[in-house]
Amino acid sequence: MSSRSLLSAGSHVRYASVNFNYDDEPAWSRPIDAANYAANYADDLEDFPRADEFIPAWLRGRLQEAGV
757 MSSRSLLSAG
767 SHVRYASVNF
777 NYDDEPAWSR
787 PIDAANYAAN
797 YADDLEDFPR
807 ADEFIPAWLR
817 GRLQEAGV
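Residue numbers (this note's numbering): 757 to 824.
Quick caveat, the hints were computed from the structure, so don't treat them as lab data. Because the structure is a prediction, the values reported are computed rather than measured. Each residue gets a CB set at the ideal place from its N, CA and C atoms; glycine is no exception. Some hints could be false.
Unchecked claim - Using C-beta positions, here's what the derived DEER-type ranges look like:
no.	residue 1	residue 2	range
1	D779	V824	14 to 22 Å
2	D780	P805	28 to 36 Å
3	V774	D808	37 to 45 Å
4	Y771	N796	33 to 41 Å
5	S773	Q820	30 to 38 Å
6	A772	R816	31 to 39 Å
7	D808	Y771	20 to 28 Å
8	E821	A772	30 to 38 Å
9	V774	G823	17 to 25 Å
10	A795	S773	29 to 37 Å
11	P812	A772	39 to 47 Å
12	A772	D800	22 to 30 Å
13	A791	Y771	40 to 48 Å
All chains, full assembly: derive it from the sequences and hints.
Here is the structure:
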């Protein structure tokens, strides 16, 4: 999952908007350890377990790369 937040302050209007993306692999603003890329996702799943139906297809692929 990734999200993008936007806070705006116009002349009289202030609003916040948040969009969540559950379907696509996150685009990291800074590179993560490429040698252990898939293993990082496996570590995340171990730290934050979730039911099988909440694991998106892209994450399943990364977990298979990590041998999970």
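Structure-based check of each hint:
1. D779 x V824: 14 to 22 Å: With Cβ atoms ~20 Å apart, the hint holds.
2. D780 x P805: 28 to 36 Å: This hint is violated: roughly 22 Å between Cβ atoms.
3. V774 x D808: 37 to 45 Å: Violated, at about 26 Å.
4. Y771 x N796: 33 to 41 Å: The hinted range 33 to 41 Å holds for Y771 and N796, with Cβ atoms some 34 Å apart.
5. S773 x Q820: 30 to 38 Å: About 35 Å separates the Cβ atoms of S773 and Q820, which means 30 to 38 Å holds.
6. A772 x R816: 31 to 39 Å: holds, 32 Å
7. D808 x Y771: 20 to 28 Å: Distance hint for D808, Y771 is violated at roughly 37 Å.
8. E821 x A772: 30 to 38 Å: holds, 36 Å
9. V774 x G823: 17 to 25 Å: Since V774 and G823 have Cβ atoms about 34 Å apart, the given range 17 to 25 Å is violated.
10. A795 x S773: 29 to 37 Å: holds, 34 Å
11. P812 x A772: 39 to 47 Å: Hint violated: Cβ distance 26 Å, outside 39 to 47 Å.
12. A772 x D800: 22 to 30 Å: With a Cβ separation near 27 Å, A772 and D800 satisfy 22 to 30 Å, so the hint holds.
13. A791 x Y771: 40 to 48 Å: Holds, since A791 and Y771 (Cβ atoms, about 42 Å apart) stay within the stated range.
The earlier numbered hints that this structure contradicts are 2, 3, 7, 9, 11.
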